[in-house]
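Visitor: These protein sequence lines are chains P and D, in that order. Going by our numbering, the first sequence opens with residue 41, and the numbers climb by one from there. Going by our numbering, the second sequence opens with residue 143, and the numbers climb by one from there.
Hints listed in this document are in silico derivations from the structure and should not be mistaken for laboratory results.
Over the 10 Å line for every Cβ pair with chain D, so calculated as not near, a few chain P residues:
#1 LYS43
#2 PRO44
#3 HIS51
#4 GLN53
#5 LEU55
#6 ALA69
#7 LYS70
#8 SER73
#9 VAL74
#10 GLU78
#11 GLN81
#12 ALA85
Some but not every residue of chain P turned toward chain D, in silico, with C-beta under 7 Å:
#13 ASN98
#14 TYR102
#15 MET121
#16 SER124
#17 GLN145
#18 HIS149
#19 CYS150
Because the structure is a prediction, the values reported are computed rather than measured. Glycine is no exception: its CB is placed at the ideal position from the N, C-alpha and C atoms.
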Amino acid sequence: MSKPLPDEFNHLQSLADEWALPTFAARYAKRTSVEMAELQQCYDALLPAMPAIMEFLNQYPYDQQRPAPVENLMQLAMSFMDISPAVELFFQPTVPYGKEWKEAQLSIHC
Amino acid sequence: MGKESGFTQQYPRIDTAPLPVEPYISAETFELEKERVFKRSWLSVGRRDQVREPGDFFTRDLEIGDTKILVVCGADGQVRAFHNVCQHRGHQVSLESEGRGCQGFICEFHNWSYGLDGSLKGMPDADNFVLDKTQLGLREIHCDLWEDNVFINLAAAPEHTLAEYLGDLGRDLSGFPHQDYAPIATISSELQCNWKLVMDAFNEAYHVIGLHRRSAPGAFNSEDNPFGHLQAVKLHERHWTISAYANPQQTPSAAAGLNIQYSAAATYVPKHSDEQGLTKLPPGVNPSQSDTWAFDVHQIFPNFSYYTANGWILCQRYWPISVDSCRYETTLYTVPPKTAAERVAMEQTIIMLWDVVLEDLSTVERTQPMLLSGAIDAFQLSDMELGIRQHAQVLAQAIGKA
Ligand code: FES
Ligand SMILES: [Fe+2]
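Let's have the full structure, built from the sequences with the hints guiding it.
Guide: Quick look at the structure:
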């Protein structure tokens, strides 16, 4: 169990081990390197849990350090957001006919 | 072809012929744009948050000005810009892209040192030189601020002050809470195409129902406005504004719904009825006072798109490198997340910006080589693409080819 979650989210542990990734670049690389079936499976498993995850995470100020399990849960929830366009809109991991993403850079300031 | 009413008709000075492709592939035009436009215009290069406190600085490549620049906040709090060029033998003084709270700059080559105001402080073995230190500061570039945006002008004596240059548009945007928003994410990419193709791609909303049909279904069009017609197009002397339509009935996806619920401010769904209220916005924002307004793009000549919306702004620039290459950059600013859940919500904004930009940037590099095929001489433009005509016309006048 490399990425432990808070106890109440134990049932998502196997997803966290795969998808609790610390950076946007790592999450997007993962999204675009797996099959659509895996994205769909991850999305379907996280979707019903998201309202509870968000309510839980809303107790933690963003500008203070969080316990590792909370941080892992937040990263897993960010992965849900990052894979959502692939599942909800594109029906494939990458943007159809899109610009090659490795030829662009994204940096996050917040 | 008759279109009875439209934005274009309100501006008889606008040429309505198809737009020639030639300026997008001509090396001669590129040189004229460099000398007569980019080396003489006020150019947006960054924002105050990058140079907030004394010693904060950033550098950037400015191929279209044949230079690299260094922008610094001085001990006196003033923001200054310099050529990033050592006065000893021309090496680049700062090799960092940005920094905070530095005391000054030391050239790597022979360690000449400069103060935050650009003055030459000293050099090793100074007694071996015969020179006047007071005359050898970093070469300064005109620099001024508008609503927290840092502009420079490479001309020795700019024709206008920044305020004059921005004119009515600058005044019409005053009162918007520009300063309330913090940087969230920046996307950049070097593109193998003429810079104008990229700016054109952000100068109309006609492509939204085509190119963005997957990423933004039903967001910017509706039964009432099936083609997502712009809400306003306002042309100024050299700048202009286009305002996009938002479908008030759009149904957010599950991820977007969570974003709306937990976001501090930024979503792609405009909040029309919140406390800020549309009527409090200055006249340049949502200029037609539409209640189906999504956002404005204020196109500040020559290469700056400044977006205003209810809760966020976006600064986007298109930097020419050569006739067929350029650099694109965009930064989103909004209210930063206060809780971990708000940060997760923000991730949905960020991923949508990223995926949509990957759509926007996809067409330009596929188009550029086709312009050399000889199979297309001119672009056919609709009333909804009036901004592209305005840009072309102001550019043509500036380079003396109108
Ligand atoms: S070139 Fe900068 S110290 Fe010599
Ligand atoms: Fe677009």
